[in-house]
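**Q** Chains as they are written, first to last, in numbering that gives the first Met the number 0: chain A, 0 to 340; chain B, 0 to 187; chain C, 0 to 117.
Treat the hints as calculated values from the structure; they're not laboratory data.
Please note that the accuracy of each hint is not assured.
Unchecked claim - 30 Å max Cα-Cα, derived DSS-like pairs, lysine-lysine:
{"no.": "1", "chain 1": "A", "residue 1": "K190", "chain 2": "B", "residue 2": "K150"}
{"no.": "2", "chain 1": "C", "residue 1": "K4", "chain 2": "B", "residue 2": "K57"}
{"no.": "3", "chain 1": "B", "residue 1": "K57", "chain 2": "A", "residue 2": "K197"}
{"no.": "4", "chain 1": "A", "residue 1": "K43", "chain 2": "B", "residue 2": "K150"}
Unchecked claim - Pairwise CB distance ranges, derived in the manner of DEER restraints:
{"no.": "5", "chain 1": "B", "residue 1": "D2", "chain 2": "A", "residue 2": "Q270", "range": "41 to 47 Å"}
{"no.": "6", "chain 1": "A", "residue 1": "L314", "chain 2": "B", "residue 2": "F87", "range": "47 to 53 Å"}
{"no.": "7", "chain 1": "B", "residue 1": "G23", "chain 2": "A", "residue 2": "A249", "range": "54 to 60 Å"}
{"no.": "8", "chain 1": "A", "residue 1": "N256", "chain 2": "C", "residue 2": "K116", "range": "40 to 46 Å"}
{"no.": "9", "chain 1": "C", "residue 1": "A96", "chain 2": "B", "residue 2": "R151", "range": "51 to 57 Å"}
{"no.": "10", "chain 1": "B", "residue 1": "F87", "chain 2": "C", "residue 2": "E81", "range": "49 to 55 Å"}
{"no.": "11", "chain 1": "C", "residue 1": "L22", "chain 2": "A", "residue 2": "A226", "range": "40 to 46 Å"}
{"no.": "12", "chain 1": "B", "residue 1": "G23", "chain 2": "A", "residue 2": "G319", "range": "46 to 52 Å"}
{"no.": "13", "chain 1": "A", "residue 1": "N256", "chain 2": "C", "residue 2": "P24", "range": "50 to 56 Å"}
{"no.": "14", "chain 1": "B", "residue 1": "K57", "chain 2": "A", "residue 2": "K43", "range": "41 to 47 Å"}
{"no.": "15", "chain 1": "A", "residue 1": "D44", "chain 2": "B", "residue 2": "D2", "range": "53 to 59 Å"}
{"no.": "16", "chain 1": "A", "residue 1": "L74", "chain 2": "C", "residue 2": "K114", "range": "58 to 64 Å"}
{"no.": "17", "chain 1": "B", "residue 1": "L50", "chain 2": "A", "residue 2": "V191", "range": "14 to 20 Å"}
{"no.": "18", "chain 1": "B", "residue 1": "F92", "chain 2": "A", "residue 2": "K43", "range": "17 to 23 Å"}
Claimed, not checked - Sample of chain A residues at the chain C side, in silico, Cβ under 10 Å:
{"no.": "19", "residue": "Q147"}
{"no.": "20", "residue": "F150"}
{"no.": "21", "residue": "Q157"}
{"no.": "22", "residue": "G195"}
{"no.": "23", "residue": "N198"}
{"no.": "24", "residue": "K245"}
Every residue, glycine too, gets a C-beta built ideally from N, C-alpha and C.
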Amino acid sequence: MAVKKIGGQSLVFESRPCVASWAAVVGPMEGEGPLKSEYDMIMKDSLFDQDSWEKAEQKMMQYSIELALKKADRLPWEMDYLLGGDLLNQIITANFTARVFGAPFLGLYGACSTLAEGMILAGILIDGGYGDSVGAASCSHHDTAERQLRFPTEMGVQRSQTAQWTVTGSGAYLIRSGETGVRMTHATVGKVVDYGVKNASDMGSAMAPAALDTIRAHLEDTGRNAADYDYIITGDLGRRGFDSLKTLMAEEDLPANNLTDCGLHVYGGNQDTHSGASGCGCSAIVMGPRFFKEMRRWPRKKLLFAGTGALLSPLTSFQGESIPGIAHAIAFEWTEGENSK
Amino acid sequence: MTDQERELLRRHQDVLAREAGSRGRERARWAEKRKEIEQAQDALLRERGRLYLVRSSKTAAKVPLVKNMLWAFGVGGVICSVGQGFVFLFQRFGLALKDASAASTCVLIAIGAFLTGLGVYDDIGKRAGAGSIVPVTGFSNSISSAALEFKREGFLYGVGAKIFTVAGPVILYGVAVSIVVGLVDLLF
Amino acid sequence: MMLLKAFLLGGLICLAAQLCMDLTPFQVTPAHVLVGMVALGAVLSGLGLYQPLLDWGGSGASVPLSGFGHVMAQGAIEGAREDGLMGALRGGLTAGAAGISAALLTGFCASVFFKPKG
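If we strip away everything but chain A, and leave its shape as in the complex, we get (with noise of 0.2 Å):
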């Protein structure tokens, strides 16, 4: 019997796993942004002295992954697996990246939700007594995203206003069995929702409904309140689809002030990015650095995590196909053990 599921879509963590540690390696504009003293590594230029940005991406999160087992003081080949993805086709960055780790490994796409998929599989994982230490890592690339998805970077286009900027960042998390620091109780997995937005620069219309549809999912499945969270916070819906999650929320009679995104948190005001970041690398240079750091000192000490993704592709867009969204909610918990205290 299914005894640690409950609800429609959702499960409970018993053992609570553990996110031990974290790194984000993040480009120049990126570490320009206002989290930029909370990253562990920021390049240079989006070359990284690589011969390709596809190559630049790849070192990245593989630097991302290294600083944050360091951090727990684990070497790579120490993870029972590893789990990430990445925007670009065939999964390319994840799978270069994990050549280098003598880590089993498992590839995944969701687009910019694949932080959130990673981390629900990695709590899976350690929860069912499959392993002690998962990695759980995703990445992106703005220069190497907009090739493949919209123009090449040196043509003249002019950008919407509803288009976010693709973030150029890695953000891996080391997921453990443990007891103290940022735990995972419950996690619900969504469903893939398409309300028939066409315009691939107004992908944080197309995700809206797709948070909106998991949060309540969430919210009913552990019969929480939005209250008992701190912060509910998207992947990366970006300021153009976060007002749309706010107005979709109160049709719902869903209080929304605790709500936050990702997206907003990555660039300044004045770096002309229009509705904010996106990409897989954007929920996850922001978990970590902004609000994991910080969740020990908050009143209810929880939060909850709904990484959001569009599943674009170029190939259905130009057949006149919409764009479907999904999002993937985790419930954090930092919590203090009892041997530590």
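We have chain A already, so just place chains B and C on it with the hints.
**A** Chains B and C only, in chain A's frame:
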């Protein structure tokens, strides 16, 4: 997922199983029924999308229309005056107006490619929009940016193939329309 | 004076294209704009409406890509008058050859000498 969508999906599954398990005329009848349900599903999806777009367009960020118009007008105008300047220059060297104009176009094309290579043209285009797309320098930019971007994939399948990403459609429809125009002119 | 006219006409054509981009609900990419302008220029040229613009605004009409469409259409018309069907097939591309070749050549050179900066 709404109850209506669930009900449709349940019926779809049922009909699909019957279609798969039958032959001949009966199968065709089930297929007919399956298509009806699929159309209803698509209609629901479209309707939901329409409602969402109507609702979300109310909160949409405004396009800075006046700013865009001024930039497009200004930059487009400046590029055309530069072109005119080259025409005067070439005329002074003794070229006929038509040849001077063609030469001026080629110079602008080269300037567009050069600025693209320097990485400046996309910064202009970010603000100027149509002002830097419509002039022939924009044509040059779309060709050279594609070529430049795919240099790392090699000179055959990278530069060679991708250089026509935008040039291809422009040449194709330019040629197609001009042939039609030529023939229409011939016939009438 | 001619410079001012070129500025005004060229600016107006770009302005019109900008309005098409901003005021339509579709996502209009540079490829749409470029193809649209070439086709529009060729059609206007066939109707005899583009030559007056050129006479008035000079480069203001020839530098926008609609001018390229005009050149190709005039080439096809001339070819058709001389050689009939074969001329119509040949004329457009012949007239546009210099521009296309220049763009391809300079684009190729850019890819050889520069690196994309992102």
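**Q** Now tell me if each hint is right for this structure.
**A** So, going through the hints one by one against the coordinates:
| no. | hint | in the structure |
| --- | --- | --- |
| 1 | K190(A) to K150(B) | violated, 39 Å |
| 2 | K4(C) to K57(B) | violated, 40 Å |
| 3 | K57(B) to K197(A) | holds, 17 Å |
| 4 | K43(A) to K150(B) | holds, 23 Å |
| 5 | D2(B) to Q270(A): 41 to 47 Å | holds, 46 Å |
| 6 | L314(A) to F87(B): 47 to 53 Å | holds, 48 Å |
| 7 | G23(B) to A249(A): 54 to 60 Å | holds, 55 Å |
| 8 | N256(A) to K116(C): 40 to 46 Å | holds, 42 Å |
| 9 | A96(C) to R151(B): 51 to 57 Å | violated, 30 Å |
| 10 | F87(B) to E81(C): 49 to 55 Å | violated, 32 Å |
| 11 | L22(C) to A226(A): 40 to 46 Å | holds, 43 Å |
| 12 | G23(B) to G319(A): 46 to 52 Å | violated, 35 Å |
| 13 | N256(A) to P24(C): 50 to 56 Å | violated, 33 Å |
| 14 | K57(B) to K43(A): 41 to 47 Å | holds, 43 Å |
| 15 | D44(A) to D2(B): 53 to 59 Å | holds, 54 Å |
| 16 | L74(A) to K114(C): 58 to 64 Å | violated, 37 Å |
| 17 | L50(B) to V191(A): 14 to 20 Å | holds, 19 Å |
| 18 | F92(B) to K43(A): 17 to 23 Å | violated, 47 Å |
| 19 | Q147 | violated, 13 Å |
| 20 | F150 | holds, 7 Å |
| 21 | Q157 | holds, 7 Å |
| 22 | G195 | violated, 13 Å |
| 23 | N198 | holds, 6 Å |
| 24 | K245 | violated, 24 Å |
Hints 1, 2, 9, 10, 12, 13, 16, 18, 19, 22 and 24 from the earlier list are contradicted by this structure; the remaining hints agree with it.
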